[in-house]
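Colleague: Between the sequences and the hints, there should be enough to build the whole structure, so can you do that?
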Amino acid sequence: MAHRRWQIELGAIAAEFVKTMRIWFSYPIIMVYWAVFPLLWVLPYVFQGRALVGSASSEAFRQLTGSGNYLAFVLIGAMISTFVFSALWGVGNSLREETYWGTMEYIIASPTHPLVILIGKTLAEWAWSTVMVIFQAAIIALFFGVQFTLAKILPVLLLVVLLMIGFYGFAIAFAGFTLLIKEVHGWVHTLEWVFFLFSPIRYPVQVNPITAALSTLIPLTWALVAIRGIILLNKTEINLFQTVLVLALMDIVLLTAGYFLFIYLERKTRRDGTIGMH
Amino acid sequence: MNQRRNFLTRLRHYGSAVWAENIKEWKLELTYKADFARGLIDPVVYLLPYLLYGVALVGGRNSENLKRLVGTSDIITFITLGYVFIGFLNMALWAMGFSLRKEQFYGTLESVFAAPVPRWVFTMGMALHSILHQLLMIGVQLIFILAIFSLKLNPIGIIPTLLVIALMLIALYGIGMFMASFTLIFKQGWLVSEALASILMVLTPIAYPLAVLPVFMQKLALFVPTTYGILTARHFLTGEQIDFTLTEALFRLGLLSLLWVAFGLAVFALIERQTRRAGTLSHY
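Protein chains in written order, with the numbering used here: chain A, 1 to 278; chain B, 1 to 284.
One should not assume that every hint holds.
[What the hints assert, rightly or not] In silico lysine-lysine, BS3-like type, Cα no more than 30 Å apart, as pairs:
#: 1; chain 1: A; residue 1: K182; chain 2: B; residue 2: K102
#: 2; chain 1: B; residue 1: K152; chain 2: A; residue 2: K268
#: 3; chain 1: B; residue 1: K102; chain 2: A; residue 2: K19
#: 4; chain 1: B; residue 1: K24; chain 2: A; residue 2: K182
#: 5; chain 1: B; residue 1: K152; chain 2: B; residue 2: K67
#: 6; chain 1: B; residue 1: K33; chain 2: A; residue 2: K182
#: 7; chain 1: B; residue 1: K102; chain 2: A; residue 2: K268
#: 8; chain 1: B; residue 1: K33; chain 2: B; residue 2: K102
#: 9; chain 1: A; residue 1: K182; chain 2: A; residue 2: K268
#: 10; chain 1: A; residue 1: K182; chain 2: B; residue 2: K27
#: 11; chain 1: A; residue 1: K268; chain 2: A; residue 2: K19
#: 12; chain 1: A; residue 1: K268; chain 2: B; residue 2: K33
[As the list claims (entries may be wrong)] What the simulated footprint calls covered on chain A by chain B, stretch by stretch (three residues with Cβ under 8 Å from a Cβ of chain B suffice, anywhere in the stretch; the number is not a length):
#: 13; stretch: 18-31
#: 14; stretch: 36-44
#: 15; stretch: 54-61
Hints are computed from structural coordinates only; laboratory data are not their basis. Predicted model, so just to flag it, every value in this text is computed and none were measured. The beta-carbon is built from N, C-alpha and C at its ideal position, and this holds for glycine as well.
Modeller: Structure below.
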């Protein structure tokens, strides 16, 4: 019986995966957009660097990060943050999109738990963002001269997987939040900017004691510092161990909290009868 | 005489429609109170990474290289003023450009299009709401920045700056109309808004002077109204050196306003007619 239930749920996850992919392929230009534009967002930082420093390297930046190459710094930040933001939009905002499409009530009324549907969406999002990041890495390697050797890629992949496991936990909790407060488009934007402010996506957070302290609570900070260490500073595996441990612990906390928060919020909105409201 | 009275009556009706649209948008916005409160913090959270990045690059508040390029070394005032203007650009691209898609989500697009007012009246109502909204955001942004950093501004420069902003808003209305029309074809209008916003963010000299852009980008930047808005405002408020006089800036902005509004209205009318004829107005 349990085996049969697992089979059905896996079937639902696969169906959701295919459905999400089909919707994306209905708008092919979106693929081009996500592959190219995160890199374009970095250009103002490059020009800002040129205007303020006058060269491609900054001594003040080197003192903070170990590398004066601010261009590589922001490019790596843009690449890794693509995973995070696609999870935030694709998973966190996904149930709200179902409300817009008028299909939310069907999901809730179906015998499949919404969490199963969210797992399908999460897997689709993961596949999608991986393709986008590979494309971005190719552009960065070709046009900006950042080296990605196999010895560097493997530990970076491990860090990205660890980062995203926890982050998907967070995104699932956020999806539950959308059931409760409905209009979350703006909240996703704010969260995006909170990540920009409190994790070293675009600038070294050590420049300010408040951002430096708060950034340690965000898994993205740990992952980005380690990834930049590997790619830009050729740091050894010994330094990696501490980051892996911290990320694994954060994963456990975020996944558990994400699961229980989603279950609680979904039950609450069902009980309040507000699930179909806009 | 009768014609004139008719014209004035019609203008009054249009004015009422613009105001009604503005009020409707405020009502919708204030329905989601938590979201509204969040929106007040947004501009601050948006600005800080750019300021901190600048501080990380130069190791302090003053940049010798910036002084060499524009005659002012204070990066905080320079960047803050630049980003205040980007709010207006986002307003045109997002609030106006996305307005029709929002109506589609609400299921009211067909009703809006069946109403006996021209489309530009509807989008002007959206624009009015967006401008008021943006002024509120800028107020909060400036209060916060003034509380943390001291901005070195010349108060006499406020009057010509306001004049430039007024002209810039007209041109941005044209861009907003242009964006709104894209929603009718592509449906997923956010993509067009996002793409154009990303390109304009690079072209507009928000946190850097035009001189650091490649030559082709410098030329393209001259077609963007916010370029003149930012450069002229910073010139009057902080003494940034610019390559044109106030008269030239006003003339170019006036011309851009005319061109963008005419272009935006024409493209909108064309696309709307085509969408109606093809029967795809209500498509998703």
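Colleague: Could you run down the list of hints and mark each one as holding or not?
Modeller: Verification of the hints:
{"no.": "1", "hint": "A:K182 x B:K102", "verdict": "15 Å, holds"}
{"no.": "2", "hint": "B:K152 x A:K268", "verdict": "51 Å, violated"}
{"no.": "3", "hint": "B:K102 x A:K19", "verdict": "24 Å, holds"}
{"no.": "4", "hint": "B:K24 x A:K182", "verdict": "19 Å, holds"}
{"no.": "5", "hint": "B:K152 x B:K67", "verdict": "15 Å, holds"}
{"no.": "6", "hint": "B:K33 x A:K182", "verdict": "12 Å, holds"}
{"no.": "7", "hint": "B:K102 x A:K268", "verdict": "28 Å, holds"}
{"no.": "8", "hint": "B:K33 x B:K102", "verdict": "18 Å, holds"}
{"no.": "9", "hint": "A:K182 x A:K268", "verdict": "14 Å, holds"}
{"no.": "10", "hint": "A:K182 x B:K27", "verdict": "16 Å, holds"}
{"no.": "11", "hint": "A:K268 x A:K19", "verdict": "27 Å, holds"}
{"no.": "12", "hint": "A:K268 x B:K33", "verdict": "20 Å, holds"}
{"no.": "13", "hint": "18-31", "verdict": "holds (count 3)"}
{"no.": "14", "hint": "36-44", "verdict": "holds (count 5)"}
{"no.": "15", "hint": "54-61", "verdict": "holds (count 5)"}
In this structure, the one hint that does not hold is number 2.
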